[in-house]
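Trainee: If you're matching them up, the sequences are chains P and Z in order. Residues 1 to 83 in this note's numbering are what the first sequence lists, from first letter to last. Residues 1 to 83 in this note's numbering are what the second sequence lists, from first letter to last.
To be clear, the hints were calculated from the coordinates, so they are not data collected in a lab. You may find that some hints are simply not true.
Remember, identical chains collapse to one label, so a pair may be satisfied in a single copy or spanning two.
Claimed, not checked - With a cut-off of at most 25 Å between alpha-carbon atoms, the simulated DMTMM-like pairs for lysine to aspartate or glutamate come out as follows:
#1 47 - 34
#2 47 - 15
#3 10 - 50
#4 19 - 34
#5 47 - 63
In this text, all values refer to a predicted model and were calculated from it rather than measured experimentally.
Protein chains: 2
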Amino acid sequence: MQARVSVTLKPGVLDPQGKAIEGALHALGHGAVESVRQGKVFDVALKATDRAAAEAELRRVCEALLANTVIEDYAIAFPGEPA
Amino acid sequence: MQARVSVTLKPGVLDPQGKAIEGALHALGHGAVESVRQGKVFDVALKATDRAAAEAELRRVCEALLANTVIEDYAIAFPGEPA
Numbered sequence: 001m002q003a004r005v006s007v008t009l010k011p012g013v014l015d016p017q018g019k020a021i022e023g024a025l026h027a028l029g030h031g032a033v034e035s036v037r038q039g040k041v042f043d044v045a046l047k048a049t050d051r052a053a054a055e056a057e058l059r060r061v062c063e064a065l066l067a068n069t070v071i072e073d074y075a076i077a078f079p080g081e082p083a
Numbered sequence: 001m002q003a004r005v006s007v008t009l010k011p012g013v014l015d016p017q018g019k020a021i022e023g024a025l026h027a028l029g030h031g032a033v034e035s036v037r038q039g040k041v042f043d044v045a046l047k048a049t050d051r052a053a054a055e056a057e058l059r060r061v062c063e064a065l066l067a068n069t070v071i072e073d074y075a076i077a078f079p080g081e082p083a
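Next comes chain P alone, as it looks inside the complex:
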């Protein structure tokens, strides 16, 4: 079973990497860009075939390793399935 985990900074947490990208885009003439925040995405293949079990396992994985829940939020999606 294929899942996608997105890890993004919580609102209010400073994102110097996003700011740097924003500055670079403005310098390149992309003035239409107002702001950029960067996060991480993980495409995870799981042995589980049951969606609920897969989601529960992914939550444990996110809490243990993929996300720093002090400053980051995570979202779990199953592509090819209605959200």
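Go by the hints and put chain Z onto chain P.
Mentor: Chain Z only, in chain P's frame:
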């Protein structure tokens, strides 16, 4: 207008970072995880209000800076709108 750009490695491109995460998860007892591939996500706020114009601008931004199209694919999504 808010958009989300996901940048992922093309299939076949080696992903040592994903492999390291996979190994760490196995070591932590998460054997249900078969494989992990890591990518980047950018939450971009744009001045454009027209979806087609925003998407065209984001394509230019991806080609110019956000993605290395030799080894990476990008996908543009507008959250809050049907895909």
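Trainee: Can you list which hints this structure breaks, lowest number first?
Mentor: Hint 3 alone not satisfied by this model.
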